[in-house]
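Student: For the record, the sequence lines run as chains A and B. Residues 59 to 487 in the working numbering are what the first sequence spells out, letter by letter. Residues 59 to 487 in the working numbering are what the second sequence spells out, letter by letter.
Keep in mind that the hints were calculated from the coordinates and are not lab data. All clues stand as given, with none of them false.
Calculated pairs, EDC-like style, for lysine to aspartate or glutamate (alpha carbon to alpha carbon, straight line, at most 20 angstroms): (1) B:453 - A:388; (2) B:210 - A:369; (3) A:129 - A:144; (4) A:140 - A:222; (5) A:147 - B:456; (6) B:140 - A:456; (7) A:140 - B:456; (8) A:73 - B:253; (9) B:335 - B:300; (10) A:453 - A:483; (11) B:485 - A:339; (12) A:257 - A:97; (13) B:257 - B:235; (14) B:147 - A:165; (15) B:147 - B:133; (16) B:140 - B:234; (17) A:485 - B:301; (18) A:485 - B:388; (19) A:453 - B:388; (20) A:485 - B:339; (21) A:147 - B:165; (22) A:140 - A:127; (23) B:147 - A:168; (24) B:147 - A:456; (25) A:485 - B:300; (26) A:147 - B:168; (27) B:485 - A:301; (28) B:257 - B:234; (29) A:453 - A:165; (30) B:485 - A:388; (31) B:73 - A:253; (32) A:210 - B:369.
2 protein chains.
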Amino acid sequence: MQVLNWSDLNGTERKAALARPDALIGADVGQSVTAILADVKARGDAALRAYTANFDGVDSVDMRVPVRDLKAAWDALNPDDKAAMELAKANITAFHTAQIPATIAVDVMDGVSLRREPRALNCVGLYVPGGTAPLVSTMMMLAIPASIAGVKRRVVTTPPPINDAILAAAYLCGVDEVYAVGGAQAIGALAYGTDTIPKVSKIFGPGNAYVATAKAMVSAAPGGPAIDLPAGPSEAMVYADDEASPVFVAADLLSQAEHDVMAQTVAIVRSQSFANKLLTEIERQITDLPRADIARAALSSGRILIASDDEQALSIINAYAPEHLILQTENAADLVASVREAGSVFVGPWTPESVGDYASGTNHTLPTYGAARAYSGVTTESFYTFISVQTLTRKGLEALGPAVERLANMEGLEAHRRAVSLRLESKTS
Amino acid sequence: MQVLNWSDLNGTERKAALARPDALIGADVGQSVTAILADVKARGDAALRAYTANFDGVDSVDMRVPVRDLKAAWDALNPDDKAAMELAKANITAFHTAQIPATIAVDVMDGVSLRREPRALNCVGLYVPGGTAPLVSTMMMLAIPASIAGVKRRVVTTPPPINDAILAAAYLCGVDEVYAVGGAQAIGALAYGTDTIPKVSKIFGPGNAYVATAKAMVSAAPGGPAIDLPAGPSEAMVYADDEASPVFVAADLLSQAEHDVMAQTVAIVRSQSFANKLLTEIERQITDLPRADIARAALSSGRILIASDDEQALSIINAYAPEHLILQTENAADLVASVREAGSVFVGPWTPESVGDYASGTNHTLPTYGAARAYSGVTTESFYTFISVQTLTRKGLEALGPAVERLANMEGLEAHRRAVSLRLESKTS
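Modelling step: build the complete structure from the supplied sequences, incorporating the hints.
Tutor: Structure, rendered in structure tokens:
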């Protein structure tokens, strides 16, 4: 990790120090995804089977996983794993239930009643990545809030061969519709529908560059599904003062770094001596990590920034807008209110990122690549739309109508004006 | 308008009857926008000036509108127009203030405290279209909620020459940053920033095909700004029973149709005789409309669908997912709960769409082209992100940690596990 003293840097150097890796998505990825999506749109299930055979090496005659396989996976799980998953489910459920939106109703004038009413989405797609780490946590983070919102149909796609732990998690979350399809082809299936996989109105979940690109493409097309978030490599920023434990801070940086060679790690510290301790501790902890190679590759682009005070540290945090922000300072709780741009914040020495990744109850589907400036992580509300409802009485229209007529007139929209005038002139009541 | 009896249609015919116009965005639009965005990114203000001269025929040495011009426009407004705008502002303010999100806090376990905290966006772009109808209402619908949320910087772009009514609306809403730039070039400026126009984190507002395409492109790029909604032609669906007034229903359809030749109008009625009355009434009202040609063009693709009962009507409504839904039935208020997919609903005979377009207080920036299935209209929350915050005590980590360790183990992420284990093993407290 490169160590930089923030006060010594000029504007350009500061920008460079907080830059994310450029050109996330190669042109070749874009071309492949365009071709895959077009093929899925044209050939449906046949295209899905062909890509699954080709990319995953699996002959998928039946893409849908039988419900009995989900139950069998759960039943086969060891009791301690079951208990861990059940605790995670309980916490995720508690926090996401508290987020269920209420109807908002206001009578702005006598006879002018306005409401904002939530509606659960009807049918959503939940993408659970496969790969080296079977993300049972992702299944829970998506399927549980969808269920709490009352989404009728939760359609899970995940690349084969599917790890039993993922099937068990589906069972625990009451998901019964799991399809063994991954990659851009799965996103195409959810966006357009095939004979086997239904078309959904919104697609959730992380994935590799192909999946992320496919999500961006289908959602940008007219009439395409919505998506939860734009996706980029995972990232963590830790702000630690001199009283923090270098052991804890190193552990948090390493838990980020082991995700992926592209994972971003940034530490903000208050002194060169703490930076030195941190580097030593990282080296000590990394040696016997199973994923040490991945972690080393990720840390090679990591940075340690020395800040002069809390104000400077906060300016770095808000300029970077990290996905995960870990505050290990004595005044960590006091700093939270000044954090404007971040996905999820972990406060104090006893709150490692991994608690939020799995089981504290917050959602781990979070904005990366600076998207925290404008996007939130997945919340229960992500599974709703909000409908405006207005009801006027005749008296209400008599009070409000003249203003509407004037404004329609200002905009030169005569039929808009008449929709009011004709009513006000009418004899009915 | 074509009249179709829903019960007589098969599945394919029903789909066709609810189809929106295809291929909204021509390839030529996509190519132009790509070139414009690249040029704005490369040349900044120089590119903006060139496109403004070329497309708008305006020599824009100073793109920023002086604040004194905003005040002057307001001061010059006639008192009745001022009063109408002030009433609209009061209602929009009342309804959007009621939508300010609260912090949600839950202690899911002893020592495990979770919060979801709202944060206002820092800097947003508000696009106000120019064209034949100066949309003073759009300025209010975007600038007022942004202000209520506490957004620090509201950057308005609108094509020159700017109508005085728009400048007056900016003044009324306390906006002081208005730039005379429109089209795809304005979206590029907001996305990338130029010497004059700041880079924003989210872009709001309607626009033509160039603007909509530019918004889709910049938001799909890695690190790009968020956008409020995908945009398509405006649309209204009216459901009227035999007791409804054909005069009112015709007026509502015409107020939609006068927007744009692409505007979509669909009426659901309960009898052929009502359909006939409606067609007669439309013909009667359209004759002396100033924008009759636009309305006729729009209505030529409009449809009147005859439904056998409320259930069938609701199935049509939810299949179409209209931007605006006007319910003129005796039981209109009872139907609302069964409307699952719509942008804004207007209930009963005294609630024409134009009240919501201008002054009832609901937001008129709404999902079109079926996007109501997954997107909401602009609400106060559109100007916030939500940050997750978790705080564990040592006791909390002792209770939760073992489950996190198990789950990390299931996912094969050893450093995630150790971030917990090293803490639990430590002597510090």
